[in-house]
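Visitor: Using the working numbering, the letters of the sequence shown correspond one by one to residues 828 to 1664.
Worth flagging that the hints you see were computed from the coordinates, not collected in a lab. Among the hints, a few may not be true.
Derived lysine-lysine pairs resembling PhoX-like cross-links, with alpha carbons at most 25 Å apart [as the list claims (entries may be wrong)]:
{"hint": "1", "residue 1": "1242", "residue 2": "1090"}
{"hint": "2", "residue 1": "1289", "residue 2": "1090"}
{"hint": "3", "residue 1": "1277", "residue 2": "1291"}
{"hint": "4", "residue 1": "1142", "residue 2": "1277"}
{"hint": "5", "residue 1": "1242", "residue 2": "1155"}
{"hint": "6", "residue 1": "1155", "residue 2": "1142"}
{"hint": "7", "residue 1": "1277", "residue 2": "1289"}
Quick list of simulated restraints, FRET-style, between CB atoms [claimed, not checked]:
{"hint": "8", "residue 1": "1095", "residue 2": "945", "range": "53 to 63 Å"}
{"hint": "9", "residue 1": "1602", "residue 2": "1023", "range": "31 to 41 Å"}
{"hint": "10", "residue 1": "1003", "residue 2": "1046", "range": "48 to 58 Å"}
{"hint": "11", "residue 1": "1023", "residue 2": "999", "range": "15 to 25 Å"}
{"hint": "12", "residue 1": "1309", "residue 2": "998", "range": "46 to 56 Å"}
{"hint": "13", "residue 1": "948", "residue 2": "1309", "range": "33 to 43 Å"}
{"hint": "14", "residue 1": "1091", "residue 2": "1305", "range": "27 to 37 Å"}
{"hint": "15", "residue 1": "945", "residue 2": "1317", "range": "39 to 49 Å"}
{"hint": "16", "residue 1": "1159", "residue 2": "1190", "range": "36 to 46 Å"}
Beta carbons are placed, not taken as given, at the ideal position from N, Cα and C, and that holds for glycine.
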Amino acid sequence: MSLPVRHYTQPLAILEPRRPAKSDELRLDDMWRMLQRNVVLIAACVIACATAAWIYVHYARPVYEANALFDINGQRSVEFAPTSGPEHDQVSTEMEVLTSRTMAEQVIENLGLQLMLREPRSLSRNDVMRAVAVSSEADSGTYWLVREPDRRFALQRSKKGSPALAYYAPGDTVKTVDFSFVLSQHAAGYPAISFHVQRFPEAVGDLGDALRVARPSAQANLVRLSYSGSDAPLLAATLNSLGRTYMGRRQNVGTTEARERVKFLQGQIATLSGQLTASEDQLEDFRTKGSVVDPKSQGSSQVTRLVDMQAERSKIETERSALAQLLKEVNAAAAAPQAAGVASPYRRLIAFPTLLRNEAASEILRSLSSVEDERAKLLTRRTAADPDVAVLTNRITELEDQLRQIAVTYEEGLKNQVAAEDASMAAFSRDLSKIPAQEATYQRLQRQPKVLEDMYGMLQTKLKEAEIQAATVDATVQVVDSAVAPQKPVRPRALLDLAAALVLGAVIGLLLAVAREHLDATVRTREQLQTITEVPVLGLIPRIRVRSTDGAFKRFAVHLKRKVKRERAPVPLVGLTPTSRRSELSKSAAAIARALDLDVESRSGIIEAFGQLQTNIQYARPDQRVKSIVVTSALPGEGKTTTAVNLALTLAQHGTSVLLIDADLRCGSVASAFDINIAPGLSELLEGKAQLDATLHRLEVGGMGRLSVIPSGLVPANPGGVLLSNELRDLLEQAEREYDIIIIDSPPLNVVADAAILSGVTQGVVLVARSGVTAKAAITYAAEQLRLVRAPLFGTILNDIEPKSYSSYDGAYRYYGVPALKAYGEQYAATSDSKRE
């Protein structure tokens, strides 16, 4: 039963390209679909990581960790401690000492850590060995203790095949050049015991790598020491031995330092005692010889006396200067003529303070005054030449000379006093200049015993402190928590490791999935195809699954991938009448229908897909009816011929007269699809070597449809030139008058230019892309080629999709094809049943 042709007054919504909103944010539905697409990959990564974790948990040797806590308060003696930085630096220094190579070497020697138990893995070394001692010169090697039938153990270099080095019973001391230990009684319960001896440098390096030291709190002087390994009891013993070694080393170092300090202080005290006695004797001898009591006091008194002498000398010099000036003035006045009755100028000498206090001078002054009075009285009655007046004048002159002589004599005495004072001061100054040197010497001699005495007292104090320190125990480092054998391993942890493996596997799977998505350069969704070409997607064609091993469509699919070589010479169809030809072609159509051996649901989905495609194409141009289209693809193998053939069949089944032209003159496949002769075909028709009726193969479809096929023909010398001929344009004009629609199957667009040539003589182009096969770059280039020649691109077709599988790429796939058709069929059946009732 053929389906009626549907007519629409408006174009379908699918013809309008719906541009997806571009967003840099990853939407949740996109991520969910990505997870669905890569669920197998993610699950494989999770399973692989979980398996690896399970193997690790069950076969890895358990690793334990022991811890010890120390309290480090500081150095033993603050007074004798070297200058250091903050307390934090001091604790950091002690942390480095704890993990130093010297400490590790001593612990390894104490416990014989070069010897490690290998087998049995469940035992500790202490369970089967005691008093282990290993030489620091021991070579690396593995040894076996194999139990003999007599319950003794043979020491061998390998478990089997090597001679026994010696035999030991449980309780014996196993002793070689490199090691020795006591074999415990517990060892008798094991058939073989394996142990490995390391070289000493390797053991030191391994111990240093396994030790970790840290501060639990920056505010507390606590240090946590951790040691990890496979032997839990030996771990605790190692940490405790390290703690004892560290504390013993500090005690030995402190005691040795204190003893050396005591010895040093005793020698210094003896030396200072002799130096103190000698300095005290030097001071006493200096004071005795120099009659020095206190140079500082003596110097002060002599300076005061010198100042007094300088003051006295200044006083005498002042008095002398004043008297000399007075004498000079009096002598000048006496030398001048004196008027009668004028007092003698020498009277002025009596006014000098010192002469005024002189009795002789005072007596002469009184005599002079009396004589001058008598002379003045005589001069009132007599003349100056009178003998009596002359006698008195001479007497006055004598008295004046006496008075002047007294003044001169006194002046000379003052001069002598000044000279004496100068001499005394000079001598005193010389004595005074010696005072600083004496005082400096005295101060030096006095200071030396004092300094030595202070140093002597300080050294005595330090000596007592050092003696006390040498006799005390170092308490600056204490063990807060000693190490105990751990009960649970730190790794592997089954649940934690498995959980981490699951998370890691999921993360790796997600990363691989993201990488896979980014590396996938093919077109898979209509959204991608729509974005690249900027035209609507006209149809989504499901994958055609062929059951039988033979059939036209299978041969056609295989033929798409191989290069067809044809004869240049045409092969005429001889002895066939038009009626017989139609009969033969009808049989071919039936064969093709039988070859498509599909289940009912798949066939219905494919038929509906092509039905929707033919509807969208018919109304791709709302202004006019589509009469001719070119079906092409970017590259070979993308399903353009399959799409063209099935589209032609679908249109024919709906009663439309269709002309299918195979324009792929180089590698045409339509003839193989319909099982008809490839020649004569389009190439012969356009070259004028055959008539249209000879190349035209008519096929009845569904009893009411009419399909005509023109195969490609033989390969011409110039396929592109043949398509450029006017004969093609004339053929299409004639065909448009006789047929409802013309479908042209063209070569791939990116391979040759034939499709671009054909687009110029048709109404438009339909571009086919194969989901998961067609590269995005290829379809982009094909769309650009069509735009360059201004070819009208009606839209695209996404071919070979799996609605169920590809729903993880595009959510619309789950509502398309077989599932939707099945749901619709169920609804239709239910409605029909209700109507019949």
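Visitor: It remains to establish, for every hint, whether it holds in the given structure.
Guide: Status of each hint after checking the structure:
1. 1242 with 1090: violated (75 Å)
2. 1289 with 1090: holds (11 Å)
3. 1277 with 1291: holds (22 Å)
4. 1142 with 1277: violated (47 Å)
5. 1242 with 1155: holds (16 Å)
6. 1155 with 1142: holds (20 Å)
7. 1277 with 1289: Given pair residue 1277, residue 1289 holds - Cα atoms ~19 Å apart, limit 25 Å.
8. 1095 with 945: 53 to 63 Å: Holds: the Cβ-Cβ distance is about 60 Å, inside 53 to 63 Å.
9. 1602 with 1023: 31 to 41 Å: The hint (31 to 41 Å, Cβ to Cβ) is violated, given that residue 1602 and residue 1023 are roughly 59 Å apart.
10. 1003 with 1046: 48 to 58 Å: holds (52 Å)
11. 1023 with 999: 15 to 25 Å: Once the Cβ atoms are compared, 21 Å apart, the range 15 to 25 Å for residue 999 and residue 1023 holds.
12. 1309 with 998: 46 to 56 Å: violated (30 Å)
13. 948 with 1309: 33 to 43 Å: violated (27 Å)
14. 1091 with 1305: 27 to 37 Å: Cβ of residue 1091 to Cβ of residue 1305: about 29 Å, so the range 27 to 37 Å holds.
15. 945 with 1317: 39 to 49 Å: violated (21 Å)
16. 1159 with 1190: 36 to 46 Å: For residue 1190 against residue 1159, whose Cβ atoms are near 26 Å apart, the range 36 to 46 Å is violated.
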